[in-house]
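Peer 1: In order, the protein sequences belong to chains A, B and C. So the first sequence is numbered by the working numbering: it starts at 380 and just counts up by one. So the second sequence is numbered by the working numbering: it starts at 11 and just counts up by one. So the third sequence is numbered by the working numbering: it starts at 855 and just counts up by one.
Each hint can be trusted.
Anything over 12 Å on all C-beta distances counts as not near chain C; from chain A, calculated:
no., residue
1, Met380
2, Lys381
3, Gly390
4, Val417
5, Ala441
6, Phe481
Residues from chain C shown here face chain B by an in silico Cβ test under 8 Å; the list is partial:
no., residue
7, Leu897
8, Phe965
9, Leu996
10, Ile1034
11, Ser1057
12, Leu1068
13, Ile1085
14, Asn1086
15, Thr1115
16, Ile1119
Keep in mind the hints are simulated off the structure, nothing from the lab. In this text the structure is predicted, and so the values were computed from the model without any measurement. No residue lacks a Cβ here, since even glycine has one placed at the ideal position from N, Cα and C.
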Amino acid sequence: MKIACTTTGNGLQSPVDPRFGRAQRLIIVDTDTDAFTVVDNAAGAAAAQGAGIQAAEAVVRAGAVALISGHIGPKAFRALRASGVKMYTTDAPTVEEAVKRFKAGSLTEAKSADVNGHW
Amino acid sequence: MIIAVASGKGGTGKTTVAVNLARSLAGPVHLFDCDVEEPNANLFLHGAVERTDEVTLPVPAVDAAKCNGCNECGRLCQYHAIASFGSQALVFSELCHGCGGCMLVCPRGAITETPRRIGVLETARSGDITIVTGRIDVGVAFAPPLIRAVKGRIGSGVTAILDAPPGTSCPVIATVTGADAVILVTEPTPFGLHDLTLAVETVRELGVPFGVVVNRVGMGDGRVHAYCAKEGIPVLLDIPDDRRIAEAYSSGRLLVEALPEYRTLFTGLWQAVGELAAKKGRATEVAR
Amino acid sequence: MKELVVISGKGGTGKTSIAAALALLADRPVVADCDVDAADLHLLLAPEVKERHEFISGHEAIIRAADCTGCGRCAELCRFAAIHQRKGIDGRIVYAVDPVACEGCGVCVRFCPAKAIDLPDSRCGEWMVSDTRVGPMVHARLAAAAENSGKLVSLVRKEARRVAEESGRDLIIVDGPPGIGCPVIASLTCANWVLVVTEPTVSGEHDMARVLELARHFGIPAAVCINKYDINLGTAVRIESAARANGAFIAGRIPYDRKVTEAQIMGKSVVETGGPAAEAIQQLWRVLCRML
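Make the full structure from the sequences, and use the hints.
Peer 2: Right, here's the structure in full:
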């Protein structure tokens, strides 16, 4: 299955971007093969408002069933919940570590937004 | 006659000019405070508020029974205010501009509109002055719909003064569009000059006749006057840099009442803007 | 990385003069001018432009007169009264979009029976990365009568963060716009601190209350500095208690000082020329440093 993780870099060793809507990029990882693709989130990152919605659309379009990020804002939370994407917040330093924790089942699922809008 | 008082730079004395101009006219006048983010005119006129009306914007409401999540609405919406994420459409009403497109495009008629409050209109009276103030709710981002609501109260044939917000972008344009003349208020400093040139660019784009009021003359240098002379822009009034004016302003008093010697300045300003507005009238005649 | 946003609610309280002074006092800052509507910070910091980029944002409907059948459906549907009838060159009735009133919603484009309307991107200004005597500066210029100032502000802040990361600088000083609307919201969201610069006038008092409410709405801690506090001491005292009641703390009081304008005329900050206001701003900076 495919999962999405926010990042400031271009690969699995890159840091997790703590922001979701304004994250620089999304990495879509296939958990079966560890193959990944990078999705640019420049439009969301530069949006004055509604960044989380645009990023959520990108996650859904990529076919991911779960999202890992540092924090999740209220609009993104509503959008992802409606599309059935599960959300996890983490303080893992790298994408690789975040994915490892996801596979090990040690991430806790977010049940609500944990930051104000405009994060 | 509709006169807009604007300025590129904030704090140059826009509201001071608007309220003192209103008070200097013999006869009824309407003052429309279009600086809906920070409306201040009535702080100086102390008019008793006679009525308060809510201003709303139509935002979509989705009928869950009818929506099949086709996302036609999401594809149309330029503001990301509505979208389906494989489920029924979600509305993010704080992003909605109220264009009504989602309702029109929905193939199943699942979208209706519901009013969302964005601010209030207050009507107050102070002597011969009727003050209509738009006040946007804190946290609401789009001022233009509220400014249009304020301007919707301008009756035909009345003498109206519009107090514009500072700057040169959408809220200023929403205010100045349709005015017969614009007074640009500035101060004789590098900041004042720079922002004046931006405001001039914007007002020229809108094609409304305009002139300049220079406030606090004496605090800076002569660059604003030199610019106006070079560009052929009329300087309608110089207000001197007088600490007593600043003190009267700071405690919410009108300049023409606290310092009666300045009254003639504002009666003179009426005459000058009247001539500007007449210019627009003539230009329109010729165009016809 | 920390971001300090200087805002005021009311314009003309000295926000830009104070932001420039703080930038001079700070250790290796990045400066962002988010007053994209009427930017003035460059007049004091004299940036040397290194990069210049177009700001393409939003859309603006354009009707191709040759394809317009004059049915008027677009004008009927437009909620922003942005479409008007006019006579085409061949004498036919056609419709045209007023670019100033158009909000780029795309409704006319979607419903035009003749498919005669386009929605191209519009150029709304430019943004620059520059060198100044205090460090890198990101600034922008919104085109005259253009929209989307909030988006341009977000872009300036994003680029300032990038520049700060790349140059290993820890503090961004943001000169924000006046008001409490779209560009102000874009300037302060997720900042570490806002510094509200106010003045002891009835307008300054009223506008400070609204801007502090906005900061609270977005959960950002606020400090207040009263500029020209000695113009009206009674109002200054009232403002201080109102600020505290709104959860802000008083970070400084700056006296009225003609040296501020004199420095501005020379293209300098008052902390470079000295005087009572300069000393008060240095004191303000020491307080802000403890806070940050």
